[in-house]
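*Asks:* The residues making up each chain are set out below.
There are 2 protein chains.
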Amino acid sequence: MDISNVLIPTGGIVALLFATFLFFKVRRQSPGNEKMQELSNAIREGAMAFLKSEYKVLIVFVVIVTGLLFAASFFEGSNMHWGTALAFVIGAILSAVAGNIGMRVATMSNARTAEGTKKSLSKGLIIAFSSGGVMGMCVVGLGVLGVFSSFVFFNSFIDLDLFTTTNILFGFGFGASSIALFARVGGGIYTKSADVGADLVGKVEAGIPEDDPRNPAVIADQVGDNVGDVAGMGADLFESYVDSIIATMALAAILGMFFISGNFDITQKIIPWFDSNYVFVQSELVRYIMLPLIVAGMGILSAIIGILVVILGGGKNIYGALRNSLFIATILTSILGGAATWYLLGRLEPVYAMVAGLVGGIIIGLSTEYFTSEKRKPAQSIAEASRTGPATVIIQGLQVGMISTIIPIIAVAAAMIFAYEVSGFYGIALSAVGMLSILGVSLATDCYGPVADNAQGIAEMAGMGTEVRERTEQLDAVGNTTAAMGKGFAIGSAAITSLALIFTFIMMAKSLGANINLSLEDPYLVSGLFIGAMLPFVFAALTMGAVGKAAYAMVEEVRYQFKKFKLLENDKNKPDYKRCVKISTNMALKKMILPSLMAVISPIVVGIVLKPTGLGGLLMGSITTGFLLAVFLANSGGAWDNAKKYVESGHLGGKGSDAHKATIIGDTVGDPCKDTSGPSLNILIKLMSIVSLVFLPLIIALT
Amino acid sequence: MDISNVLIPTGGIVALLFATFLFFKVRRQSPGNEKMQELSNAIREGAMAFLKSEYKVLIVFVVIVTGLLFAASFFEGSNMHWGTALAFVIGAILSAVAGNIGMRVATMSNARTAEGTKKSLSKGLIIAFSSGGVMGMCVVGLGVLGVFSSFVFFNSFIDLDLFTTTNILFGFGFGASSIALFARVGGGIYTKSADVGADLVGKVEAGIPEDDPRNPAVIADQVGDNVGDVAGMGADLFESYVDSIIATMALAAILGMFFISGNFDITQKIIPWFDSNYVFVQSELVRYIMLPLIVAGMGILSAIIGILVVILGGGKNIYGALRNSLFIATILTSILGGAATWYLLGRLEPVYAMVAGLVGGIIIGLSTEYFTSEKRKPAQSIAEASRTGPATVIIQGLQVGMISTIIPIIAVAAAMIFAYEVSGFYGIALSAVGMLSILGVSLATDCYGPVADNAQGIAEMAGMGTEVRERTEQLDAVGNTTAAMGKGFAIGSAAITSLALIFTFIMMAKSLGANINLSLEDPYLVSGLFIGAMLPFVFAALTMGAVGKAAYAMVEEVRYQFKKFKLLENDKNKPDYKRCVKISTNMALKKMILPSLMAVISPIVVGIVLKPTGLGGLLMGSITTGFLLAVFLANSGGAWDNAKKYVESGHLGGKGSDAHKATIIGDTVGDPCKDTSGPSLNILIKLMSIVSLVFLPLIIALT
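Protein chains in written order, with my numbering: chain F, 2 to 704; chain Z, 2 to 704.
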């Protein structure tokens, strides 16, 4: 029995055990007084109501796609295996389970975090972060166990060859992608329609503060934080995580095919040292296939230690504690992953590739922090621009977002070239695995944000007194920064994962004998590139438009309730929160259908019309502008948000000044950019690649 | 003597003669009363002052680049000819001459147009349009004569072979590009800094109307229309025009090289019927080289007829007259160009390619009109969004701009594939020539806009009475629509011209024996693609930032003058217009240096670092996002502008309402998008391609 067969499931199980430990640790905490519990329950109910409605749509989608995949596997010459359909279902279920657990814990922790801050700031931090840790550990644990057991099932039980087995795993990735699509796009529309709707009537029209319990949309707003930033982010990164692992495994399997057929030109591109002189045994190939899972397992251990650093360390410097946990996990992963690689393969080159990805991810995160933090020049320059009104605030924000694309693009390009030079395409895929290996802890940091945000809202609504409010505000402020970094990380990892998938697509097309010419001198490829580059613009416009329409429905409802229940006139009258929750839910699910279908269908249509060559162009085009637009939209939005915070903290006239009003406009513009359209693009680029990989055999058969 | 040696120079000379005729026709008109002449003179002086200052910078640039090109031609093994340096100078001079004449006529015509509208609307139209015609005819005349005589000089007098001769012509294109860079980027910064600066203090702070003579920046604003929309647009399209012709000529010459060496794989890609069975004589090759110039010559005749339709037709439906002239010229060019091609080559396939370009250009123009016109849903949806404030106006505008990329992208992709299928790469280049062949009349339509705008300003400032003001307003409104269409046309032609240049680049690299692998499976190419795709974002951010800084300087100056001269308190006090003109000029020239250098240097640096392969990726990446961003920015800006006009025409509360204020914010955001950053991207993508072509031999020698 190979060591990987022990190490990998152990890593996955340890992750789930640690998640259980954190879960009970959080549940032990006091949920606060009755008022707080009431609010927390309302949020949980709203969140679960959204999930329930979402599942209804999802089940239809999953059943249809499973049926299609299953049918396609019987289509003469399609080369698709029925296992793809099964893997698709497993991937979808595991992603949904991880998201569901994450949401339950997050909505359980908000009141507990607020209550915890009564004792101390660090107590609040630990509760919020632990609940994020549950999500993080569930994602990595279920991801590793899911991919590993699917592989073992098809390879050992059904006795398929390695190539077919890894091919089937794309179905797993497609399942994860589908959930991510619904969670990110639907969640993104939900969260911003509630937020914008609540603000436009509450803050702007009625002049009541944010999180005022008289505002009927306030619970929907809090639900939105969980729906968008917990479930959406979790599903997004679950997808990246498993996709990067699967791409690496598939590249190794493709290498095996070409090596046996003696095509050393290609094997050397996949892994440079597999040249004609290489002496090669089948068991070695399995080790190359298993390596990404081993690295992921080492990442889990490192992430657990990273999480413990925060929990045991406590301390007043919250941001410092969170950042240190990331750094420690990064260093540990490099060491443990490096040792495992050396032990398994007797080589260090793949480690360099992996570390390149890790470093790239950190650089992107830091760049995001720089461009969006209120303590740095970019966001402050936006605040300064408020001197000449809202128009210049917008222009300055657009500019900051555009300039902020430089570092992420160069970081990904450099990581890609470096990884390729040391370990070929396999190295590029492995750099994505490396970047994502610390996901357990980085996702904990991400999910900490919305919990802290909710805790802040509950403290506000339950009237918990100045000291607690100040503390929850501190937690929330750090949460905004980590959320911004998390967004950058999510985008960067989506980009490098998509690159890995595209290179896998190219190799896969060659291994399936497709007549594919990927030269830029082919006008079909260039057409595909143009159309692919256009899709993110259209996708962003559709999701932005969806927020607008959903927010408008919310505005109407809030205005109506204000009038009907005389909420502003009489403090005793209570709004009907549930109606607002329902509106957000229904609008989000309705409005996500068009962009979602576009993402799934366009690669298949382009693949058939412009052939696999045009499809290659489409994928490369979509990842290029998808990446750029995602960074642009996320960073513009983040910088607008923090420019407003900068003014609110007393600069340029502070709250209520003209500068403040101008920056509020900027923030409102930025909201759908940074929380809906930008993050949804991560899904678009990965999903189109994975759809192409899944349907490639069919497309080849049809063209 | 071949027929083309007669036809081509005749076409060029006829164009210049017709320009002269139009010039005297305009000059004969009454320049109006003293007040009007005074204003017109102030605008002319301002415009000439800008040109003079610009020339100072330009001369330095041209001398340095000429020196470098000349020096490079002596660099051992660089394969560069000294003729490139000479062609560069000629191209630069001719572009500058065309721009200079255009500016002189435009600034001569504004008062005359205003005076003409006293008699009738159509009189005003004819004067404004004729002055645009001078610019249009100068551009095409000088373009055709310049390229033709350079070709004849190097081919017949210096006795160089066809390949070397067409290679040298890239220098001509580079010269034209350099002027375009300065005119478009500098002009774009100038025009918007003056406009935004004038509006922010005048309209917003002091509450005085637009074009109020008490506003010190009002003349700078009028000058800006000429600098940006006449000189900038003219130089931009001069560049596209000559670049598309040169690319087609070069492809034919490259074809000859490969045909002789028997590489029929490549010759068939360039022109499909040049297979191994083709019987080929050298004189035939010359005809293929001359074809684009012949088509251009036919286009000139068609454009003259198109212009005469407007001038002789007159009529009340101004927009209809302008559009008809474009349609008539399009149909005539197709017929005349088709006949010439049939006569010259005995084939019709190249005609199909040419017509594909023409049709593509018209579709893009109509799409732009749809997305920006105040009579259509997109702009109206932005106006509607003002119900919920400026933030939703911005979001809606971003969305409209993003969605508006669909048609132009598909039009260019479809034209490219169609042209390639019928006539190979040569066909793609010829489709660009086709699209631009009617430039004489389409540029007349473009330049009509700023003249009408100026006339409107002069009518306002000189207090010419309600009737005249209403008429000039009508002229101006149509001018806005044609300007938007012109922008779409400029972007579309830049995109297809750049594509032609990139395919020429690829063929040229192969013919020079470069080790170039343009497959998407090369990570260096993908890195180049990523970086290239990023550059338009950075370029747009830099130009947008330049407008912000320049506008801020203008705001300070206007505030200072209001205070110092007590302009608002006492009607007799006069502002110092010249100081404002000077500020715009200096800021524009200072702020265009960084983006300009970036455009020129990055292809050379990337070519050396990432090799010609990475450079290929860079070019393709930059054209992809450059095209998308340009459409997005131009159409968002145009739609915001017209959403404001829609409100001003009485909808949603009309002037002074909250809706109006919200749409003014949208318009201010859109100004630098549509008039600076968007159009500058046209230059970026063409310039980077032409720089790559010029320096390719050197880059190959260095790598």
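Any given hint might turn out to be false.
Each pair may be met inside one copy or between any two copies, as identical chains are not told apart.
As a list, the in silico PhoX-like pairs of lysine-lysine whose alpha-carbon atoms are at most 25 angstroms apart [stated by the list, open to error]:
id : residue 1 : residue 2
1  : K550      : K591
2  : K550      : K378
3  : K57       : K120
4  : K662      : K573
5  : K511      : K36
6  : K317      : K656
7  : K662      : K550
8  : K575      : K124
9  : K567      : K124
10 : K550      : K376
11 : K378      : K591
12 : K646      : K567
Just so you know, the hints here were simulated from the structure itself, not pulled from any lab data.
*Asks:* All hints, please: hold or fail.
*Replies:* Now the hints, each set against the structure:
no.	hint	result
1	K550 with K591	within (11 angstroms within a copy, 44 angstroms between copies)
2	K550 with K378	between (34 angstroms within a copy, 16 angstroms between copies)
3	K57 with K120	neither (42 angstroms within a copy, 70 angstroms between copies)
4	K662 with K573	neither (31 angstroms within a copy, 38 angstroms between copies)
5	K511 with K36	neither (62 angstroms within a copy, 75 angstroms between copies)
6	K317 with K656	neither (27 angstroms within a copy, 54 angstroms between copies)
7	K662 with K550	both (23 angstroms within a copy, 22 angstroms between copies)
8	K575 with K124	neither (33 angstroms within a copy, 68 angstroms between copies)
9	K567 with K124	neither (39 angstroms within a copy, 63 angstroms between copies)
10	K550 with K376	between (34 angstroms within a copy, 22 angstroms between copies)
11	K378 with K591	between (40 angstroms within a copy, 23 angstroms between copies)
12	K646 with K567	neither (31 angstroms within a copy, 38 angstroms between copies)
Of the numbered hints stated above, those contradicted by the structure are hints 3, 4, 5, 6, 8, 9, 12, listed in ascending order.
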